[in-house]
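J.: If you want the building blocks of each chain, they are given just below.
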Amino acid sequence: MTEQAAAPLQPRSMGTSTIRLDGRLKVSGAAPYAVEHPADAPPLHAWLVQSTVARGRVSALDAQQALAHPGVVSVLDHTNAPRLEDTSNGELAILQDARVGFRGQIVAVVLAETLETAREGAALVRVTYQAEEHAAELRVDNATYRPDSVNPDMDTDTDEGDVEAALAGADVVVDETYRTPYEHNSPMEPHALVATWDDAGEGTVLDLVDSTQGVHGVVSALAPMLGLEPGQVRVRAPHVGGGFGSKGEPHSHEMAAALAARTTGGRPVSLAVTRQQMFALTGYRTATISRFRLGARSDGTLLAIDHQVFEQTSAIREYAEQTASPTRMMYAAPDRRTSHRLAVLDVAVPSWMRAPGEMPGMFAHETAMDELAVACGVDPIVLRELNEPATDPETGKPFNNRRLLDCLHRGAQRFGWSGRPAGARASADGEWWVGTGVASATYPMMVQPGNSARVRSLDGGRYSVAIGAVDIGTGAWTVLTQIAADALDVDPAAIELEIGDSSLPAATVAGGSSGTSSWGGAIVAASQLFRNDHGDSPDPGVETTASAAEDPVAEEYALHSFGAVFAEARVHRYTGEVRVPRLLGVYSVGRVINPLTARSQFLGGLTMGLSAALFEESYRDARFGHIVTQDLATYHVATHADVTGVEAEWLDEEDYVATPMGSRGIGEIGIVGTSAAVANATYHATGLRVRELPLTADRFLP
Amino acid sequence: MRELEYVRADDAASAVALVSGEPEARFLAGGTNLVDHLKLGITAPRLLVDVSRLPLDAVEEYDAPGGTGLRIGANVRNSDLAAHPAVRASWPAVSRALLAGASGQIRHQATTAGNLLQRTRCVYFQDATTPCNKREPGTGCSAVGGYARYNAVLGASPDCVTVHPSDLAVALTALDAQVVVLGVSGERRIPMTGLHRLPGDRPDLDTVLEHGDLITAVELPPSAAARRSTYQKARDRASYAFALVSVAAGLELDGDVVRDVRIAWGGVAHRPWRATRAEDALRGQQLTEEAVLAAAELELEGATTTDQNAYKVPMIRNTTALACTRLAAGEVSR
Ligand SMILES: Cc1cc2nc3c(=O)[nH]c(=O)nc-3n(C[C@H](O)[C@H](O)[C@H](O)COP(=O)(O)OP(=O)(O)OC[C@H]3O[C@@H](n4cnc5c(N)ncnc54)[C@H](O)[C@@H]3O)c2cc1C
Ligand code: SF4
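Order-wise, the sequence lines are chains A and H.
Following the working numbering, the numbering of the first sequence begins with 341 at its first residue and continues without gaps.
Following the working numbering, the numbering of the second sequence begins with 425 at its first residue and continues without gaps.
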């Protein structure tokens, strides 16, 4: 692969509010989602049978009745499913043995001529278990396992200076425990795919039309397990109805469809996970318990920061949320320590959910900061000014473009922070207590290695630009077209973008707010090399494929985005109900490539943060081991009526250290700090400090 | 879901005959509750008798003691009933209760009778893989010791601790509505206060209706308290959530003295809870916030709570005070 150092790009289309190129298709219902793709042959429908014990063995699986049901074609279980070459991924290695690792795990797959018969067939499969005692409750005292690293590959613990001594010498100590609940991503389009297995010819054996955040990631996870070469698996995902991290890596339903497709003699298999099944099978955010200690001088200057995280993973596959990661770089303090300990439970496998680590971690950190501000009698914004670090506390490197205080100051001005009463429970409006709160936000800047793009000239001055990126609803179709247009110095209308297909040049996941940076960098590199090699008037048909060379300058800096979130909360004096009439986020994220789609990302992140603050909670009944609030009538997300005044703005800036586009990432920062801002506002309204999400009405009643 | 037979009833009498003749038959109205249950595998009837096309969709006035009552056909859609001018004028609590429930789409589809007979939202009832006495008598009650936030605080039994989910039923209970029922032995009337049961040792029975009883109408009697009535619902989010607690209240004042008062509670018991002790305590008293709080306190004697649902006691008390004082102040408009 040719590597090319990408030169900074001058914005022409970038920075303009180009409307979504796929917008018309989507609003008219013409954009096909995974299972809507026409298959070559009528597909068989798959329905999953899930375990009803949390730990043990399948002792017998009787498919007689199911198979006798008209329309049912076959039932796959651990006795007859195709064998996998590699079973080290305990989440994906389904139907290989009789073990059950969590309640809701796939123990059989029913294939039938219609969706309804598949569903009824699944209900007719009789499974008996040898149940074993299970553990499914997260507590501080059982969270004792120390992982080798935390997601994605960070240190588990950090320890600098002498935290205990610093705390002992501090004038003011905040020592509190903060909790966030299990949360589920719940994208609008459930996880779904059509799988076809055809090993008759050369080339593609397994073909998937999938709902995923990364087509190449699905190939690299599934191919070796199935004994296939990467080139024998093709994954397409032209349109994806949201993921929020839950489609970042393949889950077991994708393996179920692949295994099933292998048994049908070439007939496609269509599998759509139900909303209820998503609560067991497609990832979620672990609950977290953060013991937070801040030691400060009486004026609020931090001396020590200690963040001990207790959370959980699944016994069948490890995932350690990096909850304390933002604590390592957020504020200055000479003595600082962080740690992560896990309870290893017989539960579904946790995974990425929008801003893994930062979201729960910053709820704890920013609520603790608010408590410190109250304890020291300083304004929360002044407290953050006091503790602004000169260099990155984690790496010692200089920050590039750390503009947290600019965000706070701009937000304070726009929100009207200055007249805020210092004390809590100071304002009422009729039946409501009214308060305001603030919190900082941060998210690391990431560019993933392993991306390349192909630029080819077409007739009439048009260009095909191809990369296996995925638009999960964020606007990648549009934004990548804009980047390509600027990189080739042509009008966006001259670009024919191809994405969402693993047969295109390799691309990394639409996750970690790294998609546009990583894919865009490759597109810029390939475009610039193309112009180098083929000039401004290339013959039709010439092409260049390249990836962006790593930028040594970026290595010298700590690269993060920052933001400030302001919330007004009203708490009903009679019922305890909480409403948030105003929410404002101000962000420093480098160049905003498309204000229209970027605003949607910020507003979406803020709304999701608001939703997490007030409503979202997956209740795990530890006696059974599964989530019992397993639909959207019981797992509450914010409705329109709850989201009445959300606004976002960003600083006018560019960051060419980060990317040749001058942009950083924007997908996740909106959810970070938001629930702390809301919680701090409810404290200011009521004088009641709630340290556990969600902030439901019952917590504000005596 | 299991294959089943689907029949469209020609008239009310044949619908009753069809369902009473088949133990595993059910009436189907808007289907917003029953169809979910079919898909979730928590009920598996052999026969569905669709009554949604029966001409039970009229809203008619009738002469009643003390004025004009309103007879509401069983198939009147929740959204139509909420918008009906006579309901809004003379029974505003009914309109407000309906509008506080579900979503616009569901209210367009849901019927009056179906709303009253919707089944509990207990998460274990809706999950066929967990024990539940209401779904499968004798298997146990998973809500005891489990997810208990929504559980009942009044009238629960060791066999079932869930609450009735309907908002409409609470308003109808407060305003002394009657349900008109057609059974195999003819028509009868059941007061709303007696329609739903407490769980006792038969939580599988939500109501006193016999298998095959068809609700044909609901009758709303007129009263001064009904004319000055409201519905107050506390919930987890601003819309589209079942009640944590709710209050339907109607008030007739003589100056600031209570001549008549009607209070029913939702979200606290296995049935809409008519707060007669609180009503008795308030009648003849000056209507003040303190008086309402004290009356509610009296009604709540004997409430049983756990860590998860203890909040319901202050919440229902405060919400009752809110509803009554707002009514007294004339703050509640349509
Ligand atoms: C997401 C969601 C949120 C909701 N939120 C609320 C809420 O906040 N508040 C609220 O009150 N409700 C709420 N609902 C429930 C909704 O109001 C009910 O589903 C609806 O009212 C049921 O009416 P239906 O006509 O669709 O009944 P169906 O589903 O057709 O029937 C329900 C039951 O009534 C029986 N039945 C129907 N008609 C008759 C009759 N004439 N005689 C005898 N039996 C009959 C059926 O056999 C069945 O057992 C919600 C529902 C959903 C799905
Ligand atoms: S409370 Fe009632 S409905 Fe819920 S599990 Fe117990 S018996 Fe079933």
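Just so you know, these hints were derived from the structure itself, not from any lab.
Don't take every hint at face value.
Taking CB as the label site, the calculated pair distances span [unchecked claim]: (1) A/R919 with H/G754: 20 to 26 angstroms; (2) A/T419 with H/V568: 36 to 42 angstroms; (3) H/P582 with A/G411: 40 to 46 angstroms; (4) A/E987 with H/S444: 23 to 29 angstroms; (5) A/R423 with H/H635: 48 to 54 angstroms; (6) A/Y485 with H/E560: 35 to 41 angstroms; (7) H/E560 with A/R423: 37 to 43 angstroms.
Computed footprint of chain H on chain A, listed as stretches where at least three residues anywhere in the stretch have a Cβ under 8 angstroms from a Cβ of chain H [as the list claims (entries may be wrong)]: (8) 766-772; (9) 976-983; (10) 1024-1038.
Derived coverage of chain H by chain A (criterion: at least 3 residues anywhere in the stretch with Cβ under 8 angstroms from a Cβ of chain A; other residues may be distant) [unchecked claim]: (11) 535-545; (12) 551-557; (13) 658-668.
Each residue gets a CB set at the ideal place from its N, CA and C atoms; glycine is no exception.
J.: Each hint needs a verdict: does it hold in this structure or not?
T.: Against the structure, the hints come out as follows:
At roughly 24 angstroms, the beta carbons of A/R919 and H/G754 sit within the given window of 20 to 26 angstroms. Taking the beta carbon of each, A/T419 and H/V568 are about 38 angstroms apart, inside 36 to 42 angstroms as hinted. Taken as a hint, the range 40 to 46 angstroms holds for the pair H/P582 and A/G411, whose Cβ atoms sit roughly 43 angstroms apart. The hinted window of 23 to 29 angstroms between A/E987 and H/S444 is violated, with their beta carbons roughly 60 angstroms apart.
Between A/R423 and H/H635, the C-beta spacing of about 52 angstroms keeps the proposed range 48 to 54 angstroms intact. Between A/Y485 and H/E560 the beta carbon distance is about 38 angstroms. The supplied range of 35 to 41 angstroms therefore holds. Between H/E560 and A/R423 the C-beta distance comes to about 38 angstroms, which sits within the given range of 37 to 43 angstroms. For the stretch 766-772 of chain A, the assignment as covered by chain H is violated, since 1 residues bring a beta-carbon within under 8 angstroms of that chain's beta-carbons and 3 are needed.
Counting residues of the stretch 976-983 of chain A whose CB lies closer than 8 angstroms to any CB of chain H gives 6, which reaches the minimum of 3, so the coverage claim holds. As drawn, the stretch 1024-1038 of chain A meets chain H at 3 residues by the rule of a beta-carbon pair under 8 angstroms; at three or more, the given contact holds. Counting residues of the stretch 535-545 of chain H whose CB lies closer than 8 angstroms to any CB of chain A gives 1, which falls below the minimum of 3, so the coverage claim is violated. Three residues within the 8 angstroms Cβ limit are the bar, and the stretch 551-557 of chain H against chain A gives 3, so the coverage statement holds.
Three residues within the 8 angstroms Cβ limit are the bar, and the stretch 658-668 of chain H against chain A gives 10, so the coverage statement holds.
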